[in-house]
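**Q** Using the sequences provided together with the hints, build the complete structure.
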Amino acid sequence: MTLTSTLSSLTKVSVQILEAFPESRVFALYGRMGAGKTTLIKELCRKLDVVDEVQSPTFSIINEYKTVEGASVFHFDFYRINKIEEVFDIGYEDYIYSGSYCFIEWPELAEDLLPEGTVRLEISGENERVIRF
Numbered sequence: 010m011t012l013t014s015t016l017s018s019l020t021k022v023s024v025q026i027l028e029a030f031p032e033s034r035v036f037a038l039y040g041r042m043g044a045g046k047t048t049l050i051k052e053l054c055r056k057l058d059v060v061d062e063v064q065s066p067t068f069s070i071i072n073e074y075k076t077v078e079g080a081s082v083f084h085f086d087f088y089r090i091n092k093i094e095e096v097f098d099i100g101y102e103d104y105i106y107s108g109s110y111c112f113i114e115w116p117e118l119a120e121d122l123l124p125e126g127t128v129r130l131e132i133s134g135e136n137e138r139v140i141r142f
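Sequential numbering from 10 applies to the sequence shown in the working numbering.
I should point out that these hints are in silico values taken from the structure, not numbers from a laboratory. Take these hints with a grain of salt, some might be off.
Below, a list of computed lysine-lysine pairs in the DSS-like style, where the Cα atoms sit at most 27 Å apart [unchecked claim]:
| # | residue 1 | residue 2 |
| --- | --- | --- |
| 1 | K21 | K56 |
| 2 | K56 | K75 |
| 3 | K92 | K56 |
| 4 | K51 | K75 |
| 5 | K21 | K75 |
All values reported here derive from a predicted model rather than from experimental measurement.
**A** Now the structure itself:
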């Protein structure tokens, strides 16, 4: 499926993604620097009723956010990961298999570690964002 989005229609796109994968909890976002991965994750988190400020975990590698109900949502950014051992060192399995929503930016290095059923979102485009899954 392919969705086209402008910043103003991102709310609609995030709803469509969550409705298309109601049982999925792990989402891997692919795209170049500045493609809108973090912006899409912010909107997905908003639709999930996250109450914390959503920002890229570029330096911390992982952020945990809480929803209104107290559920956890995890946001990974593997951009600064240099080797697969670093993914193991952060205890990724505890997060990925927790049953909580997990959004992963720059998942390429950890591709072999992603569980079956991971939703892969490819974001491309300039003025309009094309989101393929």
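**Q** Next, verify each hint and record whether it holds.
**A** How the hints compare with the structure:
With a C-alpha separation of about 10 Å, the suggested pairing of K21 with K56 holds against the 27 Å cut-off. Between the alpha carbons of K56 and K75 the distance comes to roughly 13 Å, so the proposed pair stays at or under 27 Å and holds. Distance restraint check for K92 and K56: the Cα-Cα separation of roughly 33 Å exceeds the 27 Å cut-off, and the hinted pair is therefore not satisfied. For the given pair, K51 sits about 13 Å from K75 by alpha-carbon distance, which is consistent with the 27 Å threshold.
A threshold of 27 Å between alpha carbons decides the hint, and for K21 with K75 the separation of about 22 Å falls inside it, so the pair holds.
Violated hint for the displayed structure: number 3, the only one.
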